[in-house]
Amino acid sequence: MKRFAALFTALDQTTKINPKVAALADYFAEAPEDDRLWTVALLSGRRPKRTVTTTLLREWAAARAGLPLWLFEECYPIVGDLAETIALILPPPERREDRSLTAWIGEIRALSALPPEDRRARILAAWDVLDRTERFVFNKLITGGFRMGVSQKLMTRALSRATDIPEPDLAHRLMGDWSPDTVSFETLIRAPDPTVDLSKPYPFYLAYQLDDGPESLDGPPAGWAAERKWDGIRGQLILRGGTHFLWSRGEELMTDRFPELARIADYLPPGTVLDGEVLAWRDDAPLPFNALQKRIGRKTVPKKLLTDAPVILYAYDLLEWAGEDRRALPFVERRALLEAAAAEVPPDAPLRVSPLVPFDDWPALAAERARSRDLSAEGIMLKRWDSPYRDGRKRGDWWKWKVDPLTVDAVMIYAQQGHGRRANLFTDFTFAVWDGNQLVPFTKAYSGLTDAEFRQITAWVRKNTLERFGPVRSVKPEHVFEIAFEGIQASARHKSGLALRFPRMARWRRDKPAREANTLADLQAMLAAYG
Amino acid sequence: MAEPLLTFTDRGIYCPDGDFHIDPWRPVDRALITHGHADHARDGMGRYLATEGAAPVMRHRLGDIRLDTVRYGETRTVGGVEVSFHPAGHVPGSAQIRVARRGEVWVVSGDYKVEADGLSTPFEPVRCHAFVTECTFGLPVFAWRPQADVAAEIDAWWRGNAAAGRASILGAYALGKAQRLLAAVDCGIGPILTHGAVENTNAVLRAQGLMLPDTVRVTPETDTKAHPGALVVAPPSALGTPWARRFAGPGGAPSTGFASGWMALRGVRRRRGADRGFVLSDHADWAGLNAAIAETGAERIFVTHGYTAIFRRWLAELGYDAAVVETAYEGESLDADADESDQGGQNAPSPREDLEKGL
Ligand SMILES: [Zn+2]
Ligand SMILES: [Zn+2]
Numbered sequence: 087m088k089r090f091a092a093l094f095t096a097l098d099q100t101t102k103i104n105p106k107v108a109a110l111a112d113y114f115a116e117a118p119e120d121d122r123l124w125t126v127a128l129l130s131g132r133r134p135k136r137t138v139t140t141t142l143l144r145e146w147a148a149a150r151a152g153l154p155l156w157l158f159e160e161c162y163p164i165v166g167d168l169a170e171t172i173a174l175i176l177p178p179p180e181r182r183e184d185r186s187l188t189a190w191i192g193e194i195r196a197l198s199a200l201p202p203e204d205r206r207a208r209i210l211a212a213w214d215v216l217d218r219t220e221r222f223v224f225n226k227l228i229t230g231g232f233r234m235g236v237s238q239k240l241m242t243r244a245l246s247r248a249t250d251i252p253e254p255d256l257a258h259r260l261m262g263d264w265s266p267d268t269v270s271f272e273t274l275i276r277a278p279d280p281t282v283d284l285s286k287p288y289p290f291y292l293a294y295q296l297d298d299g300p301e302s303l304d305g306p307p308a309g310w311a312a313e314r315k316w317d318g319i320r321g322q323l324i325l326r327g328g329t330h331f332l333w334s335r336g337e338e339l340m341t342d343r344f345p346e347l348a349r350i351a352d353y354l355p356p357g358t359v360l361d362g363e364v365l366a367w368r369d370d371a372p373l374p375f376n377a378l379q380k381r382i383g384r385k386t387v388p389k390k391l392l393t394d395a396p397v398i399l400y401a402y403d404l405l406e407w408a409g410e411d412r413r414a415l416p417f418v419e420r421r422a423l424l425e426a427a428a429a430e431v432p433p434d435a436p437l438r439v440s441p442l443v444p445f446d447d448w449p450a451l452a453a454e455r456a457r458s459r460d461l462s463a464e465g466i467m468l469k470r471w472d473s474p475y476r477d478g479r480k481r482g483d484w485w486k487w488k489v490d491p492l493t494v495d496a497v498m499i500y501a502q503q504g505h506g507r508r509a510n511l512f513t514d515f516t517f518a519v520w521d522g523n524q525l526v527p528f529t530k531a532y533s534g535l536t537d538a539e540f541r542q543i544t545a546w547v548r549k550n551t552l553e554r555f556g557p558v559r560s561v562k563p564e565h566v567f568e569i570a571f572e573g574i575q576a577s578a579r580h581k582s583g584l585a586l587r588f589p590r591m592a593r594w595r596r597d598k599p600a601r602e603a604n605t606l607a608d609l610q611a612m613l614a615a616y617g
Numbered sequence: 018m019a020e021p022l023l024t025f026t027d028r029g030i031y032c033p034d035g036d037f038h039i040d041p042w043r044p045v046d047r048a049l050i051t052h053g054h055a056d057h058a059r060d061g062m063g064r065y066l067a068t069e070g071a072a073p074v075m076r077h078r079l080g081d082i083r084l085d086t087v088r089y090g091e092t093r094t095v096g097g098v099e100v101s102f103h104p105a106g107h108v109p110g111s112a113q114i115r116v117a118r119r120g121e122v123w124v125v126s127g128d129y130k131v132e133a134d135g136l137s138t139p140f141e142p143v144r145c146h147a148f149v150t151e152c153t154f155g156l157p158v159f160a161w162r163p164q165a166d167v168a169a170e171i172d173a174w175w176r177g178n179a180a181a182g183r184a185s186i187l188g189a190y191a192l193g194k195a196q197r198l199l200a201a202v203d204c205g206i207g208p209i210l211t212h213g214a215v216e217n218t219n220a221v222l223r224a225q226g227l228m229l230p231d232t233v234r235v236t237p238e239t240d241t242k243a244h245p246g247a248l249v250v251a252p253p254s255a256l257g258t259p260w261a262r263r264f265a266g267p268g269g270a271p272s273t274g275f276a277s278g279w280m281a282l283r284g285v286r287r288r289r290g291a292d293r294g295f296v297l298s299d300h301a302d303w304a305g306l307n308a309a310i311a312e313t314g315a316e317r318i319f320v321t322h323g324y325t326a327i328f329r330r331w332l333a334e335l336g337y338d339a340a341v342v343e344t345a346y347e348g349e350s351l352d353a354d355a356d357e358s359d360q361g362g363q364n365a366p367s368p369r370e371d372l373e374k375g376l
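Protein chains in written order, with the numbering used here: chain A, 87 to 617; chain B, 18 to 376.
Hints are computed from structural coordinates only; laboratory data are not their basis.
For clarity, every value in this text was computed on a predicted model and none was experimentally measured.
Be careful, since some hints might not be right.
Stated by the list, open to error - Partial pick of chain B residues on the chain A-facing surface, computed with a CB cut under 7 Å:
| id | residue |
| --- | --- |
| 1 | R83 |
| 2 | V87 |
| 3 | L156 |
| 4 | P157 |
| 5 | R283 |
| 6 | G284 |
| 7 | V285 |
| 8 | I327 |
The beta carbon of each residue, even a glycine, is placed where N, CA and C say it ideally should be.
Please work from the sequences and hints to get the whole structure.
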């Protein structure tokens, strides 16, 4: 654990990419093979199953530190991280013991077979022999959510440096349904056997946001294909060995959540992999995102939901065909293969090819983009006709040109202190619009301002607090912010009767007096138009 | 019935019997000042009373003020009330102010820390009936390590950077923290350069007899290449500005570090975006606050700034008669300093401006 904690410290102590990659590459070159594999697993989001509830951990930690539980609970939101809070409040270790990362993970996993009293004893014993950083790491292993400030991309780069295997190959090998129990460093990374994991997806290619309009792109419009950007769940459908798998972009296996997609396998041959968007669909049009939302987070689907919110795969790329990896082909050829394959599928089966948006020049495409909201689309996707299917977020070939967000000017009425990175600033605000002479709260937002602006508003909040409700303060209704959001829907749970999607602060409208903020009627009009 | 010995007004802490304020934030006739930081020693008071050790910095900051000084432990009578100043260990010259009337004793802590920092006169507990205390770091997650350990960490960082041909820029408040660090690091590792704001305070403190290692003031003319492997001590607001980028050496961009109690929180450390965070504060940690309060023997505790609501509840559960007092004191701010002085440029902020920010 010492070596792993040292790696964690090295990664945590720098904000620069090169030293991070170097620290990881050193670790991959030196650490025992089991620890290496677990590190790859952790940094690609695979973690040991939780064997102790966080409620128990809090109780045990507070008791060990001799503090009342309420005091622990007050500290946690200020620190912003449970594992860190526990590591900080515990008394210093009484003695030290160095066991490998794999051994500690084994210890954590073994807890599930023990009665609660023994679990407590084991955890306290572990805390007693670990220093502060090791405790933090240990707690992170128990509570999950291990981030370490390293993306999978950086980890892959470091692993590539340590093993001399090219990055794209590694990115592919690290995909899919594996855990340190089912593979070894050797079989996963050094000498993989493709037949072992039929479900293994390809790394998703992710588009960059187009900020400056398509005129800023390379080459003439004819070099680019345009599609609509749909507001669904990105998915990769894999047909291999007579069965099928559906992966989310977050590498979650979603096969059982969308059982209707099984029908696609009746018409397409094994050795086919499609990339597309899972959409709730009725009468040849997508349903609003909240229809699909009901299907997310359900492991199995009741019959009624299958008829209320049936889904299709809106395919836009073909990555494997006849068992061959086709990603190196230019998009124009992959698209032709995709269309030919989809032609074999009857129209009532849940597969469509996302149509192209024809256009002659950029102004014509801009006009198409302007129609997005009416078509329940989020904007336009631009893909270079001659580009391969790359992995991860790479600039140049795929762009998302999103429709401008909806905006409303609102008055800040409540403020709450942030946590973690922004523990000593006021960052979480509640906003209201006018209903006659009343201010009606309708949304919270906590992002979009610069650190300098957060500092200014924090100083202002301190001086203009009207009342305190625990951590929340009501403030003078004085400052107006432009709130940007992606969508609006009716909501019975909110006082205002509506809820926003992805609200954030777009601008601090210092030029606007509070009286000139928008009204509830304005929001209701937006709800009628776009809800 | 007599009024309480101290009351809390919208101008500051007030003693009706003695007709004086302690660390007032609005103009009053007579002000007793705990220490020279800008949230405690402000402009515009008719008369000031402070320790001999705090006076030079106050004069430097506030200019031509009517300032009377006392030694630690010396008793004065102000309007029939006994007052005396006792070491708070926060920064050189900082004091707790003891106020007594007919055997009733109140103490106002100002800002304090209980660990000796090698530069300030160490904190001394003062017995009292009522204690007015700060609690900037009044949460059990704050537990400082000994200064020597932190200094060793800074030395190792500096040494590593020097070996790699990089400068080390350390952000620390211009009054107190900066000098404490200068006195604590191993000045054999390399040259020490200082931002103008730090050096101006150094000059004031050296003139009153404090021993600091040799430092070189950075001016627009300074050839930064002429001091390879230097430690550069600057106010936090100078980090990340063109001023700091001047120190790029053969090993690339300078490494940046911050010394503050807030660096105990990983989230804050990451937000500040420095390469390294060193956990070092001029305020008491959780254990320090609790020990200091216990040693006063006081039954009544007033908490002035920091995590006041939480700390008050903790004290109440321990059996103290504890209350929160709203004040304008700001504790150890990581952010307030940066607002006005992010001016980049080659010009150092004026010392006065910077001291005001360097709480
Ligand atoms: Zn202070
Ligand atoms: Zn203060």
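Going through the hints against the structure:
1. R83: With a closest approach of 29 Å, the B/R83 hint is violated.
2. V87: violated (33 Å)
3. L156: holds (5 Å)
4. P157: This interface hint holds because 5 Å falls under the 7 Å limit.
5. R283: Holds, because the Cβ-Cβ distance from B/R283 to chain A comes to roughly 6 Å (cut-off 7 Å).
6. G284: holds (3 Å)
7. V285: holds (6 Å)
8. I327: holds (5 Å)
The structure fails to meet hints 1 and 2 from the earlier list, while all remaining hints are met.
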